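Top to bottom, those sequences are chains G and S.
The opening position of the first sequence corresponds to residue 22 in my numbering, with each subsequent residue numbered one higher.
The opening position of the second sequence corresponds to residue 699 in my numbering, with each subsequent residue numbered one higher.
Read the hints as simulated data drawn from the structure, not as lab findings.
Treat the hints with care, since some could be wrong.
With a straight-line cut-off of 16 Å between C-alpha atoms, the simulated EDC-like cross-links for lysine to aspartate or glutamate are [what the hints assert, rightly or not]:
| no. | chain 1 | residue 1 | chain 2 | residue 2 |
| --- | --- | --- | --- | --- |
| 1 | G | Lys221 | G | Glu92 |
| 2 | G | Lys263 | S | Asp764 |
| 3 | S | Lys737 | S | Asp765 |
| 4 | G | Lys205 | G | Glu58 |
| 5 | G | Lys205 | G | Asp185 |
| 6 | G | Lys263 | S | Asp985 |
| 7 | S | Lys1013 | S | Glu909 |
| 8 | G | Lys205 | S | Asp939 |
| 9 | G | Lys205 | G | Glu184 |
| 10 | G | Lys205 | G | Asp72 |
| 11 | S | Lys1012 | S | Asp920 |
| 12 | G | Lys208 | G | Asp171 |
| 13 | G | Lys221 | G | Asp135 |
| 14 | S | Lys737 | S | Asp754 |
| 15 | G | Lys279 | S | Asp783 |
| 16 | G | Lys222 | G | Glu93 |
| 17 | G | Lys222 | G | Glu58 |
| 18 | G | Lys279 | S | Glu1014 |
| 19 | G | Lys208 | S | Asp934 |
| 20 | G | Lys205 | G | Asp171 |
| 21 | G | Lys221 | G | Asp105 |
| 22 | G | Lys205 | S | Asp985 |
| 23 | G | Lys222 | G | Glu92 |
| 24 | G | Lys221 | G | Glu65 |
| 25 | G | Lys215 | G | Glu58 |
| 26 | G | Lys279 | S | Glu882 |
| 27 | G | Lys263 | S | Asp993 |
| 28 | G | Lys208 | G | Asp104 |
| 29 | S | Lys737 | S | Glu760 |
| 30 | S | Lys737 | S | Asp763 |
| 31 | G | Lys263 | S | Glu1014 |
| 32 | G | Lys263 | S | Asp983 |
| 33 | G | Lys208 | G | Glu58 |
If you're wondering where the values come from, they're calculated on a predicted model, not measured in any experiment.
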Amino acid sequence: MPAIVALVKSVPDTWSYKTLSENFTLDRGAVDSVLDEINEFSVEQALRLRDAHPDRGFRVIALTMGPADAEEALRRAIAMGADDAVHVVDPSLAGSDVLATAWVLHRALETIPDVAIVVAGSASSDGAAGAVPGILAEYRRVPALTAVRDVSLDGSVVRATREDRSGLYRLEAALPAVVSVTDKAAKPRFPNFKGLLAAKKHAITSLDLAAIGVDPTQVGGTHAASAVTAAIPRPAREGGPKIQVGNDGVGGAQAITKLLSERGLL
Amino acid sequence: MSHAYVLVEHSASGVDAVTAELMTAARAFGEVRAVVVGKPGMGQELAADLGNSGADLVIAAESTDDDARFLIPAVDALSMLATADPGPIVIAGDPAGAEIGARLAARLASGVVFDVVDVNSDRTARHAIFGDSMDTTAAVGGASPVYVVRRGAIPARSIPAAGTLQHLSLPPANELDARVTAFEPAVSGARPELTEARVVVAGGRGVGSAENFRNVVEPLADALGGAVGATRDAVDLGYYDAQYQVGQTGATVSPDLYIALGISGAIQHLSGMQTARTIIAVNTDEDAPIFSVADVGIVGDLFEIVPALVEAVKKEQ
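Isolated chain G, as found in the complex:
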């Protein structure tokens, strides 16, 4: 059966305070992890593609790479309706850069038969600018339709709409392909009771680096092609005075123009 693989990522909850550990990687112990919000949109698109083509027999498989608690992201995807989940977890992976991450995901995808579409989020909320989908397409030698707001399938052609600063692009490519989805795509569904129950019980496939044939020296922080060498927290911005003006428009305007002229902004 062909597979639609939804890449998911467990990220620090946006509301938690993020900090770096001594080796300048994210201190994951200090934050709560959740399924990245963007992945709710990408999982939704994967489910819609499956459900729009019942004759094709697609299975939606959620795939993540991350520490043990990244499993929660996979369970959330199953709760939404994914059929299966694969977790790449290995101590050597800590501190991997975007190239290593994409390589590991590529190798993990090779363990899944007949991957028709890989659906990712356009950019994670905690990381690097949406680099993984494009790199994955390079490694897999397939086309990528990136940062799109909708996806549809017509036979062996996948179509999508991308909207960015330059304008609106209608894109198409032959399968297999990589797709990355923005949060302008259709609203994600909430898991129902049945889904939540399934997620609780589901046996997640866990793979270490040996299982996907990746040498530990190819990944992790020491292998990264770029390294943070210094990090200084910016001093928290301090709020200035609050001026109560209510409905006094002119008073409010004067307070603003005073600051603007003091700072040479007029």
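Use these hints to put chain S onto chain G, whose structure you have.
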């Protein structure tokens, strides 16, 4: 002499302003080689302009099917150039630039850094992470390190150079290419580009309607010669177009002045604007988190204050 490659940003109206910023950054590494990817004749058309703003060489990578292709021609051009003659690569930051940079890093086995706000001749780069809450310096490895630079972060200093035109022939479309079957260019208004603007006037849920954006937010932006921004809430409610969204899933801006109107200040919004030099917030809710980052917080009715402010600003000028 050492050199660096700059991917030229251009549109129907010519070279985009950000290109001069990229060339200013690239000059730290040596000779500036501006790479123009586009339709036949594009390099010739832009060469003089690029020379004036600092390109020593203008390398035109042109193809007749450029309209039907997306990103891959730029990746092909830069990877061919950097394979033949390695050197740092400087690209403008946005989702397309980030993808080009990422693909180049994969092909060249080089390091790539995103959201760069400064580069140094020793090939380190300064960038900001976690919604600008942390300043970091990164060492970028490989023979052709890739820098994806935040728009508006590096002030352009144009030092005219030769702008000598060369041509590079591109390979045809292959299995990596998606086809562009239609393209509608974004309508760019009379206002400055959001990420380049020195002044941004942004509206949130409190603005209340698309009509109020037109009648209240836009006139203030125009009086100050600024761009209009919107929160994700305002975009989701249909008050303003998504291309103007500021915050975690929109643009990151660091203007001289940011005026937040009817914006409560969710952390996802703050992460996209808190490096603005001056922040002024107007909100009726005195407990709104936006006030914690504002240099001056005006607790009051924006519909009374903003029109008065527009008048006052016009008078000052």
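Each hint, compared with the structure:
1. For the proposed pair lysine 221 (chain G) and glutamate 92 (chain G), the alpha carbon gap of about 11 Å is at most 16 Å, so the pair holds.
2. A distance of roughly 53 Å separates the Cα atoms of lysine 263 (chain G) and aspartate 764 (chain S); the hinted pair therefore is violated under the 16 Å criterion.
3. Of the pairs offered as hints, the one joining lysine 737 (chain S) and aspartate 765 (chain S) holds, with about 8 Å between alpha carbons and a cut-off of 16 Å not exceeded.
4. Straight-line distance between C-alpha atoms of lysine 205 (chain G) and glutamate 58 (chain G) comes to about 12 Å, which keeps the hinted pair within the 16 Å bound.
5. Proximity of lysine 205 (chain G) to aspartate 185 (chain G) is assessed by CA-CA distance (about 11 Å); at most 16 Å being required, the pair is judged to hold.
6. Only pairs whose Cα atoms come within 16 Å are accepted, and lysine 263 (chain G) paired with aspartate 985 (chain S) is accepted, the gap being roughly 10 Å.
7. Proximity of lysine 1013 (chain S) to glutamate 909 (chain S) is assessed by CA-CA distance (about 25 Å); at most 16 Å being required, the pair is judged violated.
8. Of the pairs offered as hints, the one joining lysine 205 (chain G) and aspartate 939 (chain S) holds, with about 12 Å between alpha carbons and a cut-off of 16 Å not exceeded.
9. The suggested pairing of lysine 205 (chain G) with glutamate 184 (chain G) holds, with an alpha-carbon distance near 9 Å, which does not exceed 16 Å.
10. For the hint pairing lysine 205 (chain G) with aspartate 72 (chain G), the CA-to-CA distance comes to about 20 Å; that exceeds 16 Å, so the pair is violated.
11. Between lysine 1012 (chain S) and aspartate 920 (chain S) the alpha-carbon distance is near 10 Å, which keeps this suggested pair within the 16 Å criterion.
12. Between lysine 208 (chain G) and aspartate 171 (chain G) the alpha-carbon distance is near 11 Å, which keeps this suggested pair within the 16 Å criterion.
13. Proximity of lysine 221 (chain G) to aspartate 135 (chain G) is assessed by CA-CA distance (about 27 Å); at most 16 Å being required, the pair is judged violated.
14. About 21 Å separates the Cα atoms of lysine 737 (chain S) and aspartate 754 (chain S), which puts this hinted pair outside 16 Å; it is violated.
15. Note on lysine 279 (chain G) and aspartate 783 (chain S): the hinted pairing is violated, with a Cα-Cα distance of about 55 Å set against a maximum of 16 Å.
16. Between lysine 222 (chain G) and glutamate 93 (chain G), the direct Cα distance comes to roughly 13 Å. Compliance with the 16 Å bound is thereby established for this hinted pair.
17. Among the hinted pairs, lysine 222 (chain G) with glutamate 58 (chain G) is inconsistent with the structure: their alpha-carbon atoms are about 23 Å apart, more than 16 Å.
18. Between lysine 279 (chain G) and glutamate 1014 (chain S) the CA atoms are separated by roughly 11 Å; this keeps the pair inside 16 Å, and the hint holds.
19. Pair hint lysine 208 (chain G) plus aspartate 934 (chain S) holds up; C-alpha atoms about 11 Å apart against a cutoff of 16 Å.
20. Simply put, lysine 205 (chain G) and aspartate 171 (chain G) have alpha-carbon atoms about 8 Å apart, close enough for the 16 Å limit, and the pair holds.
21. Using a Cα cut-off of 16 Å, the hinted pair lysine 221 (chain G) and aspartate 105 (chain G) holds, with the two alpha carbons roughly 12 Å apart.
22. The suggested pairing of lysine 205 (chain G) with aspartate 985 (chain S) is violated, with an alpha-carbon distance near 30 Å, which exceeds 16 Å.
23. Distance restraint check for lysine 222 (chain G) and glutamate 92 (chain G): the Cα-Cα separation of roughly 13 Å lies within the 16 Å cut-off, and the hinted pair is therefore satisfied.
24. This hinted pair does not check out: lysine 221 (chain G) and glutamate 65 (chain G) have alpha carbons roughly 19 Å apart, beyond 16 Å.
25. A distance of roughly 21 Å separates the Cα atoms of lysine 215 (chain G) and glutamate 58 (chain G); the hinted pair therefore is violated under the 16 Å criterion.
26. Pair hint lysine 279 (chain G) plus glutamate 882 (chain S) does not hold up; C-alpha atoms about 43 Å apart against a cutoff of 16 Å.
27. Restraint check for lysine 263 (chain G) and aspartate 993 (chain S): satisfied, since their Cα atoms lie roughly 9 Å apart, inside the 16 Å limit.
28. A hinted pair counts as satisfied when its Cα atoms are at most 16 Å apart, and lysine 208 (chain G) with aspartate 104 (chain G) does not qualify at roughly 20 Å.
29. Restraint check: the Cα-Cα separation between lysine 737 (chain S) and glutamate 760 (chain S) comes to about 5 Å, which is no more than 16 Å; the hinted pair holds.
30. Pair hint lysine 737 (chain S) plus aspartate 763 (chain S) holds up; C-alpha atoms about 7 Å apart against a cutoff of 16 Å.
31. Between lysine 263 (chain G) and glutamate 1014 (chain S) the alpha-carbon distance is near 24 Å, which puts this suggested pair outside the 16 Å criterion.
32. Of the pairs offered as hints, the one joining lysine 263 (chain G) and aspartate 983 (chain S) holds, with about 11 Å between alpha carbons and a cut-off of 16 Å not exceeded.
33. The suggested pairing of lysine 208 (chain G) with glutamate 58 (chain G) holds, with an alpha-carbon distance near 11 Å, which does not exceed 16 Å.
Checked against the numbered hints given earlier, the structure breaks hints 2, 7, 10, 13, 14, 15, 17, 22, 24, 25, 26, 28, 31 and satisfies all the rest.
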